[in-house]
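J.: So the protein sequences, as listed, match chains A and B. Position one of the first sequence corresponds to residue 236 (the working numbering), numbered consecutively onward. Position one of the second sequence corresponds to residue 9 (the working numbering), numbered consecutively onward.
It is worth saying that the hints were derived from the structure and are not from the lab. Everything numeric in this text was worked out from a predicted model, so none of it was measured. Be careful, since some hints might not be right.
Derived lysine to any residue pairs resembling SDA-like cross-links, with alpha carbons at most 20 angstroms apart [stated by the list, open to error]:
#, chain 1, residue 1, chain 2, residue 2
1, B, K273, A, A411
2, A, K451, A, R383
3, B, K273, A, L429
4, B, K273, A, V425
5, B, K273, A, A407
6, B, K157, B, R415
7, A, K451, B, R316
8, B, K273, A, A435
9, B, K548, B, R316
10, B, K273, A, A420
11, A, K451, B, T279
12, B, K273, A, R383
13, B, K273, A, L414
14, B, K273, A, A410
15, B, K273, A, L402
16, B, K273, A, L443
17, A, K451, B, R415
18, B, K273, A, P412
19, B, K273, A, F423
20, A, K451, B, K548
If the Cβ cut is set under 7 angstroms, some of the chain B residues that face chain A in the computed set are [said to hold, decoys possible]:
#, residue
21, A160
22, Q259
23, P270
24, G271
25, L272
26, K273
27, I582
28, A594
Glycine included, each C-beta is placed from N, C-alpha and C at the ideal position.
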Amino acid sequence: MPQQQASSPGQGQRFDWWAAPAAGIPSDTPSGDPADAPSGVAPGAPSGIPSGIPSEQSAAHRRTAVPAQPVPVRTAPTHPAPAHTAPARAEHPVAAGPEPWAAAAPVDGTAVPPVHRDGPPAAAAPEAVDRTEVYRAVQASAAFQAIRHSYRSFVFPVAGAFLGWYLLYVAAQAAAPGLMRTPVAGPFNVAWLLGLLQFASTFLLTWLYARNARTKRDRAALGLRWDTQDQLR
Amino acid sequence: MTSVMTTLMTGAVRNTVTTVLTTATPPPVAPTGDHHSLAIVLFAVVVLVTLGITLWVGRQGNAAEDFYAGGRDFTPLQNGFALSGDYLSAASFLGVAGLIALYGYDGVLYSIGFLVAWLVVLMLVAELVRNAGRYTLADVLALRLRRRKVRAAAGGASVVVTLLYLVAQMVGAGSLVALLLGTDSPHARTWTIIAVGALMIVYVTIGGMRATTWIQIIKACLLTAGSVLLTVLLVVRFHGDLGELMRQAAQHSGAGHRYLEPGLKYGHSFTSRLDFFSLGLALVLGTAGLPHILSRFYTVPTARAARRSTMWAIGLVGGFYLMAIVLGLGATALVGSAEVRHANSAGNTAVPLLALVLGGGNGSTGGVVLFALISAIAFATILAVVAGLTLASSAAFAHDIWAGAWRTRPRRARAARPRGRRRRGEAVPATRSAEGVATSRSAGEPGPGAGDQQEVVVARFAAGGIGAAAIVISLYAQQLNVAFLVGLAFAVAASANLPVLLYSLFWSRFTARGAVWSVYGGLVPAIVLVFFSPVVSGTKVALFPGVDFHWFPLENPGIVSIPLGFLAGWIGTITSPEPADADRFAELEVRALTGAGAA
């Protein structure tokens, strides 16, 4: 099933021809194959909108199916199975609410473990996928936006908070030495208390971050990872 | 106790050499100075074991993936130990405890910055870097800013940071090993530096990342075990009463209650307080820009593993610093600040001296064994850290500067120019985009395998060259303050590496010009400010004590250069003639957050 992806003019303009070959080669995706990209994209191919990533979707979703999908169960039942064919996928960038990949589990409950990502793609012979379009589409998808939001809305405030708390603590040594000397218990004073609290807050935030990532992001990110890699092959 | 320690340190110098040559194992009740001979035996064991690992592991693979990333098959636990091993240099193990022994609370203050910094690594850097890059920091930038200039800048900054850190470690190693072996002659220092340098070159060129990682793991286990052992002995000795420990420490510190309050070291003037604030800023932000820490995240298979290894590292580092606080207090309480300072003015031997006392005092078998053990652990620490640094530095050179920036240049002039012209003339942009992707992905070289092999060869040579350079610089920099060098390395990492990394990962409008400006805008001010600081001229302990051209009052440039790095990146971006490449950012963002296409 050839996938004639359009590559939009203007998007490739600023590409640096010389730079950094190594960074972009994913070791486990065949799309690193140099032969793919030029052969698939005709010169002067129609440009613009992601024109849908055709029928590889079924395969994609089968492999995507992570057992026990996380959060958005609410969307799953309302998402009919036929919607997961190619046209539906093309709409994902604009579909606001549902996390598309998440609905995959009920659709084809086969739940192949993600390790099978290198299994034979059902929609054979994917020739060339314009990586740019795929990444743009994934970036715009609601699933990705949810992951991004869940990551940033935890990390940015927390990072600001602990950096502020640490700098405040360091500044307090200079600004308020009297306060820091206030005894608390025995030889223990406020300065020691705050110092030990720094240790405690570091351990606590580590645990909170890990819990947040594990419960809010990990499954979604993994699902989207296989989904994206399937589209790229 | 005072006299015991004094005779220990002076008598040791004379006795060591002869005892080493005659007895391999100490007699049941060792005479003064004999603890050094056991230490030497254990040093030799450390060297032999690490060399054995290097030779054994070095045969497991020669691909670039093996050399730079250890095959990416380490577990989170292993990598967590290796991360803490890379991070807890001898400056931490001996230096922080020594600072606490000498300056009490201000030493604690110093250690906290090292720990909190890991939260930045955990939350903002570890997973995203693991997903988006392959071997080095510059890989992440190159994913969205495909410019040779960006790679060259980031690679150069990485080499500078690692070289500074490397010199700090080797200068420290020279004085430390000489001290632990019981001699203080300049010759011993010089030969120690040369030997440590030669060993690290062997580790890295033969063993690559795999051997380096295993050495770090062993070292971290030894370090943890040694610290736990000493802490348990100490706490048992004080019957678990930490308040009593603090009271006795204050009593034997010579400073009384001020020992337990802030200000003993950093509180003399407003300038010194500001200097500490600057150092604190550099410590907390610098860790996330240290190349040898970042490259460790590539040794695990997934971002999730990178996160879990960071969590292990935080647990180990945090636990270690908590124990270092107790050990520092214990050294003051049992050995006394005056003794510690007498043995080494920076307090670097506080922990070994404490071990001697905890083992039963000088002359007892227990004391000798513990002293030798702790010394050998410190030695293993030094070896492991310099090996990790050399590897990161050679990776930055070979992968970023040579392969990423330099090797592609002649090709550009000969082969690619005509193609470019043709494209400008007739091809439509769509072709450019597609072929551009293809060119960049295939690396525009005969075959990725061949190019990688060549690159690894360059990296091995680079390790040799960088190691040799570090040896030479260290020999000439022996009088430099180790803590200052470490602080400077952190300041440069925080100024040059962190802004560009954070901008690349999080700012959609960031451009190549912003990246280049950000790197140089942090690197150059940091170096210039240090050059005009009291460290280089104007004070008695300066690099050039005779002259005075300093105008920057602080020793650590972080408080100025870190904001400048961020500012330069911002200005470079908003003045950039070309807009940010939204496609590249989409790719980076998707890959960084989901792991799609991760190496």
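J.: Decide, hint by hint, whether the structure agrees.
T.: Status of each hint after checking the structure:
no.: 1; hint: K273/B with A411/A; in the structure: holds (16 angstroms)
no.: 2; hint: K451/A with R383/A; in the structure: holds (11 angstroms)
no.: 3; hint: K273/B with L429/A; in the structure: holds (18 angstroms)
no.: 4; hint: K273/B with V425/A; in the structure: holds (18 angstroms)
no.: 5; hint: K273/B with A407/A; in the structure: holds (15 angstroms)
no.: 6; hint: K157/B with R415/B; in the structure: holds (13 angstroms)
no.: 7; hint: K451/A with R316/B; in the structure: holds (16 angstroms)
no.: 8; hint: K273/B with A435/A; in the structure: violated (25 angstroms)
no.: 9; hint: K548/B with R316/B; in the structure: violated (47 angstroms)
no.: 10; hint: K273/B with A420/A; in the structure: violated (24 angstroms)
no.: 11; hint: K451/A with T279/B; in the structure: violated (46 angstroms)
no.: 12; hint: K273/B with R383/A; in the structure: violated (44 angstroms)
no.: 13; hint: K273/B with L414/A; in the structure: holds (18 angstroms)
no.: 14; hint: K273/B with A410/A; in the structure: holds (15 angstroms)
no.: 15; hint: K273/B with L402/A; in the structure: holds (18 angstroms)
no.: 16; hint: K273/B with L443/A; in the structure: violated (35 angstroms)
no.: 17; hint: K451/A with R415/B; in the structure: violated (43 angstroms)
no.: 18; hint: K273/B with P412/A; in the structure: holds (13 angstroms)
no.: 19; hint: K273/B with F423/A; in the structure: holds (19 angstroms)
no.: 20; hint: K451/A with K548/B; in the structure: violated (57 angstroms)
no.: 21; hint: A160; in the structure: violated (10 angstroms)
no.: 22; hint: Q259; in the structure: violated (10 angstroms)
no.: 23; hint: P270; in the structure: holds (4 angstroms)
no.: 24; hint: G271; in the structure: holds (6 angstroms)
no.: 25; hint: L272; in the structure: violated (11 angstroms)
no.: 26; hint: K273; in the structure: violated (11 angstroms)
no.: 27; hint: I582; in the structure: violated (17 angstroms)
no.: 28; hint: A594; in the structure: holds (4 angstroms)
Comparing the model with each earlier hint shows violations of hints 8, 9, 10, 11, 12, 16, 17, 20, 21, 22, 25, 26, 27; every other hint is respected.
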